[in-house]
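**Student:** Chain by chain, the residues run as shown.
Number of protein chains: 2
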Amino acid sequence: MKCTRCKSKAIVALPSHNAGFCKQCFLKYFENQVQKAIKSKAMFTQDDKILIAISGGKDSLALALQLKSLGYNITGLHVDLDIPNSSEHVREIVKKFCQTFSIPLFIISLKKENLSIPKVKQTLSRPICSACGQIKRYYFNRFALEHGFQVLATGHNLDDEVARLFANTLRWDETYLGSQGPVLKEENGFAKKVKPLYRLTEFETAVFCFLHNINYSTKPCPYSKGASFTFYKKLLDDLEYHQPGRKFNFYETFLKKGKRGFQLLRKSKLTLNSCQKCNYPTTETICGVCRIKKIISSNN
Amino acid sequence: MKCTRCKSKAIVALPSHNAGFCKQCFLKYFENQVQKAIKSKAMFTQDDKILIAISGGKDSLALALQLKSLGYNITGLHVDLDIPNSSEHVREIVKKFCQTFSIPLFIISLKKENLSIPKVKQTLSRPICSACGQIKRYYFNRFALEHGFQVLATGHNLDDEVARLFANTLRWDETYLGSQGPVLKEENGFAKKVKPLYRLTEFETAVFCFLHNINYSTKPCPYSKGASFTFYKKLLDDLEYHQPGRKFNFYETFLKKGKRGFQLLRKSKLTLNSCQKCNYPTTETICGVCRIKKIISSNN
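Protein chains in written order, with this note's numbering: chain A, 23 to 322; chain B, 23 to 322.
The following block holds chain A by itself, in its conformation from the complex:
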C-alpha cells in the first residue's frame, strides 16, 4: 500500500478516510485533524493559557505533545488517584513525559485531599468509576479556574465520544444529548472544556504515540470492569468495519442536526448555588465532592 499523500510506502491504513500514510504524512494528518478541531470549533487560540488533564494514557499524552509542538501555551495537570499497583507507575510515566517535552506539570494528590480512590470505593455504595470521574472533574475544573487558565483540554477521542453518544441515545437522555459535544463553554463556576482529539480514533492516538516512541500507561484501571462502555466500543467498531467513516459521520451529524432538538427540549437551566464548603457550583448546598469528603472523615 502506498501513502495517499506522498506515494512512498504506507505504514498505516485508515479505511475511514479511504487512505494510507507513511510516518511523516500520518503525523501531518494527525496534526491537521487536531488543528481542524481547534479552529472549526473555536476551542482556543495561541494566546490562551491551556490546562491539559494528563492521565498518563495514550490520548492525554498524544494531546499534550501535539499541542506543545504546535506552540500552544500548555500546562499539564495530573490527578494522582492513589490506587495500589497502579497510580505510582502512572505518575512516574506522566512526570517523565513532561520532563522530556518540557511541559510544566502540576500534580494533585488525592491522598493529601483525603480522597484516596480505594478509600472512596470502600466508603461509598455507588459505582466507584462514577465517583472517581466526579472527583477528577472537580479538581481539573477548580485548578483551571484558580490558576487563571482560559480552557481545560482533555484527551477524549472519537471512540470515547461516539460510545458516549451511543449510550445517551440508547436511553434518549435529552439532558445529556442536549449538551454533549467537543466544546463546553464557560459558565458560572465551570471552566471552558474542550476535546481537541474528537476527530481522531483510539487507534490513531496509539499510532501517534508509537511513532513518537512515547511510553504510556496501558494497564486498565484495576477498578474498571468496563462493562457497557467497552461493549459499546466493540459494537461501534463492528459498525465502523462494515461502514468505514460511520463513527465520525454519526457524531458530526449529531452535532449538526441531531443535537438541536434536544437543546430545544432541555429543561430550563438548573439553578446553581455555591457550595458552602468550597464555593464551587452545586445544585445542592454542599457539592458532591465535599459530601464524599465529609462521609469519609466521619467514617474515620
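One thing to keep in mind: the hints can contain errors.
Identical copies carry no separate label here, and so any pair may be met within one copy or between two of them.
Calculated pairs, DSSO-like style, for lysine-lysine (alpha carbon to alpha carbon, straight line, at most 30 Å) [to be verified]: (1) Lys315 - Lys58; (2) Lys256 - Lys45; (3) Lys278 - Lys256.
Hints are computed from structural coordinates only; laboratory data are not their basis. Just so we're clear, the structure is a prediction, and the values are computed from it rather than from any experiment.
Since the structure of chain A is already known, use the hints to place chain B on it.
**Tutor:** This is chain B only, laid out in the frame that chain A set:
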C-alpha cells in the same frame, strides 16, 4: 425451565422479559402484547374495518391470525409482485392461509398493473427495494381508501422498527425520526396505518407461526441483497443479547422522549397535491407510482 405463568414445562425462553412460557402461556403472552399495542396506542376498535397487508411471511400471517382470533373485522390484501420463482409460491401460501382461517382476501396483480417488479427493476436505475416498497405502499393505501377501510395494519415487528429507528438515528434524519412510530394517523389522501406487532420480535412471530402450524414463506426475496438493514438487525441482536430488553426499551423510550425534539424540528408540512393521473397525494404533479408506470410504458 418452567413456565413463568403456570409452572408447567416451558418450551420458549424470552430473556428480554426474564420469562419462559409453555405453549398456551406463550400464545396468551403474544395475544396480550398485541392487545396492549392496539389499546395503548388507540390503533383501532372492534367496530373498525381493518385491512391487513399480507406478504406471506411469518409476521403478516401471525398478525392476521391473531387479529382474526381476537374477533376483529379483518380483510387481507396481497400484492402479487410477479417475481419469477417467488411470487407464485408466495401467493399460493397466502391464498391457502386465508381459506383455512376464513379471512377475506384481495389480490392486486402488479403484472396487470403493468408494474411487474422485474420490469420495474430493468427500467429504473434506482434500487429496486425502494421502488417496490413505494409501489406496495401506494396500492395498500389506495385499496384501503377506495374500499372504506378505517385502518391499514402491517406486520412490522419490533426488530423491523428498531432497525429502522437505528438507521434513522445513525443519519440523525429529523424528518423520519419526527414521524416514526407504530401509528401514522390518517391525513389527506393517506389511510391510518398501524403496526400491532411492534412489541413482539421476529423470533416471537416465528414461534407463534410454528405453534399454530402455519406454513409461511421463508425464502428471502431474490432481489433483496439486504445489506445494511440485515447488518443492523444482527448488531442489535448482539446488543439485545448483552442487555436483554434493550431493543424494546430503546424504541419505547424514543416514542416517549426522543421523538419530541425531532417533531419540534420537522419542517412545516409539505404541500400535497393530487396526482394528475390517479388523484392520490404527491408533492409533485404526477405521483411516484404513475411516473414509474409512465417510464415503463414509454420503454415498451
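**Student:** For Lys256 vs Lys45, is the C-alpha pair at or below 30 Å within one copy, between two copies, both, or neither?
**Tutor:** within (27 Å within a copy, 37 Å between copies)
**Student:** Is it within a copy, between copies, both, or neither that the alpha carbon of Lys315 lies no farther than 30 Å from that of Lys58?
**Tutor:** This pair counts as neither: shortest intra-copy Cα distance 41 Å, inter-copy 49 Å.
**Student:** As a check of your reading, is Lys278 near Lys256 (CA-CA no more than 30 Å) within one copy, between copies, both or neither?
**Tutor:** both (25 Å within a copy, 28 Å between copies)
When each numbered hint is compared with the structure, a violation occurs for hint 1 only.
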